[in-house]
Structure formats: C-alpha cells, structure tokens
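Engineer: Chain by chain, the residues run as shown.
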Amino acid sequence: MSTATLDHAKQAAAAAEAAAPKHAGLLLEFETPAALMKAAEQVRDAGFSKWDCHTPYPVHGLDRCMGIQPTILPWIVLGGGLTGCTLGLILQAYTNGIELPVSLMQAENGVIRELLAPFLPSGYPYVVSGKPIFSIPANIPVMFELTILLSAFAAFFGMWGLNMLPRFHHPVFTSARFKRATNDRFFISIEAEDPRYDRQRTRALADGLGAAHVEELVA
Amino acid sequence: MSATTAPAAHDAPAIDSNTWDDPARRAPLVTGGLGFRGITDGVCGVVEAPQPPRAWFVAFGASLVFLAILGLMLGYLIITGVGVWGNKSPVFWGWPIVNFVFWVGIGHAGTLISAILYLFRQKWRTGINRAAEAMTIFAVICAGLYPGVHIGRVWAAYYLFPLPNQMDMWPQFRSPLMWDVFAVNTYLTVSALFWYMGLVPDLATLRDRAPTRLRQVLYGFFALGWRGSNRHWHRYERAYLILAALATPLVLSVHSVVSFDFATSQIPGWHTTIFPPYFVAGAIFSGFAMVVTLLVPARKLFGLEHFITMRHLENMNKIILTTGCMVGLAYGTEFFIAAYSGNPLEQFAFLARARAHFGWAYLSMIFCNVVVPQLFWFKKLRTNVWVMFVACIFVNIGMWFERFVIIVTSLTADFLPAAWDYYTPTWVDILTFAGTFGLFMTLFLLFCRFLPMIAISEVKGVLPHEHPDLGFHHDDHGAGAGHGHAKPAEVTP
Numbered sequence: 001m002s003t004a005t006l007d008h009a010k011q012a013a014a015a016a017e018a019a020a021p022k023h024a025g026l027l028l029e030f031e032t033p034a035a036l037m038k039a040a041e042q043v044r045d046a047g048f049s050k051w052d053c054h055t056p057y058p059v060h061g062l063d064r065c066m067g068i069q070p071t072i073l074p075w076i077v078l079g080g081g082l083t084g085c086t087l088g089l090i091l092q093a094y095t096n097g098i099e100l101p102v103s104l105m106q107a108e109n110g111v112i113r114e115l116l117a118p119f120l121p122s123g124y125p126y127v128v129s130g131k132p133i134f135s136i137p138a139n140i141p142v143m144f145e146l147t148i149l150l151s152a153f154a155a156f157f158g159m160w161g162l163n164m165l166p167r168f169h170h171p172v173f174t175s176a177r178f179k180r181a182t183n184d185r186f187f188i189s190i191e192a193e194d195p196r197y198d199r200q201r202t203r204a205l206a207d208g209l210g211a212a213h214v215e216e217l218v219a
Numbered sequence: 001m002s003a004t005t006a007p008a009a010h011d012a013p014a015i016d017s018n019t020w021d022d023p024a025r026r027a028p029l030v031t032g033g034l035g036f037r038g039i040t041d042g043v044c045g046v047v048e049a050p051q052p053p054r055a056w057f058v059a060f061g062a063s064l065v066f067l068a069i070l071g072l073m074l075g076y077l078i079i080t081g082v083g084v085w086g087n088k089s090p091v092f093w094g095w096p097i098v099n100f101v102f103w104v105g106i107g108h109a110g111t112l113i114s115a116i117l118y119l120f121r122q123k124w125r126t127g128i129n130r131a132a133e134a135m136t137i138f139a140v141i142c143a144g145l146y147p148g149v150h151i152g153r154v155w156a157a158y159y160l161f162p163l164p165n166q167m168d169m170w171p172q173f174r175s176p177l178m179w180d181v182f183a184v185n186t187y188l189t190v191s192a193l194f195w196y197m198g199l200v201p202d203l204a205t206l207r208d209r210a211p212t213r214l215r216q217v218l219y220g221f222f223a224l225g226w227r228g229s230n231r232h233w234h235r236y237e238r239a240y241l242i243l244a245a246l247a248t249p250l251v252l253s254v255h256s257v258v259s260f261d262f263a264t265s266q267i268p269g270w271h272t273t274i275f276p277p278y279f280v281a282g283a284i285f286s287g288f289a290m291v292v293t294l295l296v297p298a299r300k301l302f303g304l305e306h307f308i309t310m311r312h313l314e315n316m317n318k319i320i321l322t323t324g325c326m327v328g329l330a331y332g333t334e335f336f337i338a339a340y341s342g343n344p345l346e347q348f349a350f351l352a353r354a355r356a357h358f359g360w361a362y363l364s365m366i367f368c369n370v371v372v373p374q375l376f377w378f379k380k381l382r383t384n385v386w387v388m389f390v391a392c393i394f395v396n397i398g399m400w401f402e403r404f405v406i407i408v409t410s411l412t413a414d415f416l417p418a419a420w421d422y423y424t425p426t427w428v429d430i431l432t433f434a435g436t437f438g439l440f441m442t443l444f445l446l447f448c449r450f451l452p453m454i455a456i457s458e459v460k461g462v463l464p465h466e467h468p469d470l471g472f473h474h475d476d477h478g479a480g481a482g483h484g485h486a487k488p489a490e491v492t493p
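Residue numbers (my numbering), protein chains in the order written: chain U, 1 to 219; chain W, 1 to 493.
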C-alpha cells in the first residue's frame, strides 16, 4: 500500500512539474496603433524574429515597422489558376473530344486493357450542329470558371496554410488581457523561443517601450 | 448645397447627418462618434443580446412557414413530376427558370460590394458588405434549387457534373447550360469562401467576448484560433485583395453566362448580343434593391444606424438609379436593334412582347424598373427610408417581371404559329416561389441573429483617426494632424 502511495505521489509530482507554468514570453499592451508602431520598430531593430503584433484590424504601415517580407501567396494563387485553366481544358478536350482510352482498350495488349478499363472511362466525342469535335471558343467559359475556382482555393487555403491556422492553442491566449486584441487594444508578443530572448534583458527592453502593461506569458 | 447646413463632425452628429455633398468635407462612415470599442459593442450586442427583438420572432415564424411550404411543394413535385408546374408546350421554361434567373440576379450585389467596390477603394462598402455577401449566398442557394428540381428526375441531378460513370457518359460542354453549372457553382463557392474569410476575425471577437462556454467553443472553433497577428493580417489582406480581384470578373461572368443560356439559342427575342451586359446591369440593379429592402428594416430593428448610415443607403440608391437607367437603355436598344435589323421575326417578337397578351407584364416591368427609380434623382426622396423601401420593392417586382417577359413572351409565340399558346403558372409554381422567399428569409434572419452583421474589423480600419489625412483634424477623436495615429475615442468606458 505504501509503495502504491509513493508511486502515486511521484506521479503527482511529475505531473505537477509538467503542468507547472513554463515561461513562454512577454506580452506588451498598447492603447493606440501609433504607440504600437513605435514600439514595433524598436523590437524589430533589437533583432528579434519570433515576435508579433496583434491588432483588432490590419494596421497599415505596421508591416514596415515590423519588417515583414511580402508573402509568396500570389505565386501560390498563380499556380492554382494555371492548374484550373489546364484542368478545364483537359477535362473538356478529354470528355467531349477524345476517345483515346477506347483505342487503348481495343489494343492487342491485354495487360493495358485489363489495367485501364476499370479506372479510365472513355471520352465521348460526338458531333453537335456540324461543329468541330473540339474547339477552344466553346470551352472558354468552363476554363475561365475553373481558373477562378482553383485560384480562389489557392488564395483561401494557401493563406490559412501560410498562417499555420487553425491553431487553437497559443501562449497569448493564456492572458486574460489579450481578449481585447480583437476589440480595442494593440499587443506585441515576444516568444521565449527566440534566440535573442533573455528573460531579464528582454523584460528590461519591453519595459522601456512605453507599453501600458507588460506581462509574462506561460505555456 | 447642403454643405453649409452640414453639422461639423464634433457636434455629436445625429444619426442621419452624413449625407452632405461637399467633396471637401469627407463624410464619416461611422456616425455617433463611435470608437473601436463602441463599434465592437454595437455589432456584437446584436448577437449577444439574450433575446432578439420581437419583430425578429414574428419574421422568423413567418419565414419558417414559407420554408415548410417550400418543402411540401418540392416533395409534391418530386413524387408527382414536373407536370404539376405550368410548363407546357411551347413554354417549357416557365417560372422555374424565371425564378432561377431572378435569384441569381439578386445574388450579384454582395460580391459587387465586397469585390468591385473594394478594388475601387470605396470605403463605405465596409458597413454593408457582410450582410450583402450573406444575402448573396442565400440568394444563390435559392437559385441553385431550381435547376436541381427542374431536371425532372431529381435523383439524376449528378448528371450535371462530369462524374466518371460506367456508361462513359459525359456532359456536353458546348451547351451554355453546362457553363451555367460551372459558373453558378464557382460563384457560390467563391462567395462563401470570401464571406467566411471576412468573418474569421469577427468570429474571434465574438469568441473573446463570449458570455457562455458554448458560444466560446463554437465561435472559437470557426475563428480557427485567430489571434490578430500582424503577420497573419499581412497574408490575410493579400488574400483578400486577390479574392476581390478574382471575384470581380467572376461576378460579371455569372450573369453573362446565364444570359448565354438565352443568347446562344435561336429564339427571336433571345438571340441578341446585348444580353450579357444587359443581364449584368439588371443583376446589380436587382441585387442592390434587395440589399436596401433588407437593410432598411434590419438597421432599424438591430440599432445599426451608426454603421449602415443614411449615406450608405443613399449611395446604394444612386447605384440603383444608375443601373436602372442602364436597364432602361437596354430595353430601348433592344427595340432599336429589332427595328434596325430588318428581321421580321425579331421585330414581331418585340412588338408582341410589348403589345400582345403579356403587354401587362411588359408595362409592369417598364414602370417598376425604369420609371420608379427616377425618384432617386431627388435627394429628399433617396434619403427617405420609406420612399427607398417601397421603391426597392417595386424594383424587385420589376426585375422579376423582366425575366418573366424575356422568357415567357419569347416562348409563347415562336416560329410555329400552330404551337402558340398562353402561359399560366399553377398553384405549385406560385407556392414554390413563395417558399424560396421562406428559405431566403430564414437563412438571413439566422445570420442576423448569430453572426456579426457588420464587418467589425473592416469598419475599424476605415475610422477617420486611422486616416488623419482625410480631413478629420478637428473631430473629437483627438487625431493629431502631424501624427499618423492617435488615441481612439472610447465611447463606452
């Protein structure tokens, strides 16, 4: 019984140690976007990389104050758009204009026939109003729509992917004051994982930035 | 003009005092002197109120009744067959297609407001874009219902999509109806993505203010863990700009493609090149009319007059006036081209449209779409909520008649006189259409109750102290002329 109690106590101690709040960084609160921008410039110049500003709306000019590089998102969208356009062309050319798999399936080689038949339905070319089997003009609307659709997917999902969202847990959420970051206050968070982070010195820097409130974050 | 009588911004402006015409004095987009917190409280208050206004319950109850009617009518249709509708030779496209085009048209205002006005830097869009986008999505849902059930064999609706099947059977992509499938589905998807993306920061606001745990979890889940990070905002704004740039040609393409359904056929009265621009102008016209129809009562009911100000409504009425005149010009052009073409079938179709059995519908259309919007030339009338509400209902009716006139009159009297016949809708047609309003209003009322009707973060970004260069140096927000940003006013302590 005693060993069991001992084990239990050990486990509890280990759990308590694991659950003990770990220092995760600093959270600075500002009342105005102007104060935030001024402080952001100083944090940037101090050479931090794992830090961020949190604002209730996009504050224009803050990107420059933070030294944020332009996002690669437009290139992802270009990729999505080109894929969509090509897909639209291939889809229509294949389904309405090409009978290729049928000729494959009629091939002498039984292996190709057996492999392809279940997976590759044939296209179905037929003549409508004496028009050519395949012609680009009639296919432009669908190509256009698919270009837009896949570009929009790329923009939407690409943006969330680059932002690493959804992420439901983050040290800033442990602060009760941070709830106003989506309302009327402006915050800077500096993460303890930053290579330049030093608990005392960074705290001293933070205290000199004119923040209305500075608090330590736990994770 | 009225500039001399316009109150100064620091006079604690009354609700409707931002409609002056003096370009040297920029009108505030949010009245009542609201600061950041005032905006959050004003918008979130609607969602967080323990109970919605009584009028909401009344409207919601009525909407549910009509929604139930829609369900019954669709059930009856599917069990019995499309014979329950008034569609018969020669009018095989009756009310279902009229209503489809009507609802798709209404669904154009939202994306126009959120995308095109965004690209043109029309900052007043922030007050109305959220509700208009929601309305767009709900209208497109109502529209999408019709082709789905109009095909007759509802269980084979998947034939609309290029799905591999054992019969090697594919849709024919040379048909404009197929383009329509892609256009409308793309439009619905992109509008929904755009709308949801705009909602995320505001859902985070609701999450952080949530009075109950359930709300916190639900709003928190859909807010995706948004923490207002500027690194996120940077990509978010870029994605928003890209989506706006993509949605702009998309919104113009959707009603163009819908018009191709008609324009690429050979029916006199349909086979015209003016259709795409004419349909798009009509769609914007009807869409804005529906936005005004919905927002005039909604802003009153939920106390959002500081966000959806008289200036917003006036601007929309100006767009309605403009597009109404464009539609009127298109009606005239159609007649001119018919006369000038020398094509007797075309001439006959248009004369019959205006003078034969459906002349009453044509006259209703002209009255509602061309005559009524002329009221908006007068500032007194376009800034009067009662006048604009009634006028916009007329526009809604007129735009429905436009589609009816185009579709039904052209089909009742086509090439073969022996086949000519009058068209009458059945009670199922009428109740189904009424039912779609139930679906539309149910969705819209739920949206008003559970989601922020105003784009909170976007409105905060267009506050004057965010842009001191716009001439707001003397307001009570304390914006310093020499400094980029100043302390926001806090209305609620």
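Please note that the accuracy of each hint is not assured.
[To be verified] What follows is a list of derived Cβ distance ranges for each label pair:
| # | chain 1 | residue 1 | chain 2 | residue 2 | range |
| --- | --- | --- | --- | --- | --- |
| 1 | U | Val214 | W | Ala55 | 45 to 51 angstroms |
| 2 | W | Arg26 | U | Pro132 | 36 to 42 angstroms |
| 3 | U | Ala46 | W | Thr322 | 49 to 55 angstroms |
| 4 | W | Ser175 | U | Ser49 | 51 to 57 angstroms |
| 5 | U | Leu78 | W | Ser175 | 40 to 46 angstroms |
| 6 | U | Leu87 | W | Leu214 | 38 to 44 angstroms |
| 7 | U | Ser135 | W | Ile79 | 29 to 35 angstroms |
[Stated by the list, open to error] One-sided and incomplete, this derived list gives chain U residues near chain W with beta-carbon spacing under 10 angstroms:
| # | residue |
| --- | --- |
| 8 | Val59 |
| 9 | Leu91 |
| 10 | Asn139 |
| 11 | Lys179 |
| 12 | His213 |
I should point out that these hints are in silico values taken from the structure, not numbers from a laboratory. For each residue, glycine too, the CB sits at the ideal point set by N, CA and C.
Engineer: Tell me the numbers of any earlier hints that the structure contravenes, in ascending order.
Structural biologist: 2, 5, 7, 12
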